[in-house]
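If you read the first sequence in our numbering, its first letter stands for residue 67, the second for the next number, and so on.
Everything labelled a hint here was simulated from the structure, so no lab data went into it. For glycine and all other residues, C-beta sits at the position ideal for the given N, C-alpha and C. Check the hints yourself; a few may be wrong.
Claimed, not checked - Once the Cα atoms are required to be at most 25 Å apart in a straight line, the calculated BS3-like pairs of lysine-lysine come out as:
hint	residue 1	residue 2
1	LYS158	LYS343
2	LYS187	LYS199
3	LYS220	LYS199
Unchecked claim - What follows is a set of in silico ranges between Cβ atoms, one per label pair, in the way DEER data are often shown:
hint	residue 1	residue 2	range
4	GLU93	ALA268	17 to 25 Å
5	LEU215	GLU134	15 to 23 Å
6	GLY222	THR113	48 to 56 Å
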Amino acid sequence: MPELPEVETIRRTLSPQITGRTVHRVEIRDASAIGHPPVDEFVSRLTGQVFGEPDRRGKYLLLPLAEEMTLLVHLRMTGRLLYGEADPAPPKHRRLTIHLDNGRTLFFDDQRRFGRLYLLKSGELPGWPPLQKLGPEPLSGSFTEQYWLDLLTKRGRCRIKPLLLDQSCLAGLGNIYADEALHRAGIHPAACAGTITPEQAAALYRSIRQVLQEGIAAGGTTFRDYRDSQGQPGGYAARLRVYRRENLPCLACGHPVQRRRIAGRSAHFCPVCQPEK
DNA sequence: CCGTTCCTGGAT
DNA sequence: ATCCAGGAACGG
């Protein structure tokens, strides 16, 4: 489940591997992995292109191409973008292989087939709805404390956990880092945004940025599927304080961590450190 | 806002 | 055999 820190880690490991490389051949093994344009057009337009410096927006990886196009990748749950040697016996979940001019390859593997690649002209990139709808980047200057306080006031009747997962409020948080940020800020995931005090909101603002920065520094969180572009797992799972720790002691107070379904997603929290009222 | 859908494989 | 994991689009 790649969230912002995982996608950012892939961006960083991929950058020296593909920047300046030319696409020699595109091999589609699962057409459903291509979100746009139609597969034959995707292949013909991508072939011969030169990769620029990878970028990221929320959980989207943006791979700019020299000729005014961008290859967008969303990994969703189990997607992997891997750089390596051409494989004569590709694994079962290989969806796409991009052969590069140095004899190496870029693979897109995805067990659950939720991930998608999109090839867009640079002109249509800013107006592309999924990107346009995204809220601010949590680690950039566009995510200000004032924006956050105003948002919690404006969305006062929303519960805070689903609000954190709403990519139009903030781009890049998923279930793992949302639970971790709430625990560090001492806020119950079911709390209504309007009941959060300004002090708590400020603490949450800081904890969101902190857990994302720590996640990036650790190379992301790996339970089973996530890998960077070199195939390496991330190290942040060992540092999680509540996520996937149901019934284990809270690392702050020792009380067992609870798990509850909120808005269709599992939420992990400490009932002592994060009181409901 | 909420529930459903898309997917597959691992757990029960 | 059934349930569950969850990012995001979609319908209500």
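Evaluation of the provided hints:
At roughly 49 Å between alpha-carbon atoms, LYS158 and LYS343 are farther apart than 25 Å, so this suggested pair is violated. With a C-alpha separation of about 18 Å, the suggested pair LYS187 and LYS199 falls inside the 25 Å cut-off, and the hint holds. The suggested pairing of LYS220 with LYS199 holds, with an alpha-carbon distance near 17 Å, which does not exceed 25 Å. Checked against the hint of 17 to 25 Å, the C-beta distance between GLU93 and ALA268 comes to roughly 50 Å, which is inconsistent with it.
Checked against the hint of 15 to 23 Å, the pair LEU215 and GLU134 fails, with Cβ atoms roughly 39 Å apart. For GLY222 and THR113, the hinted distance range of 48 to 56 Å is satisfied, since their beta carbons lie about 51 Å from each other.
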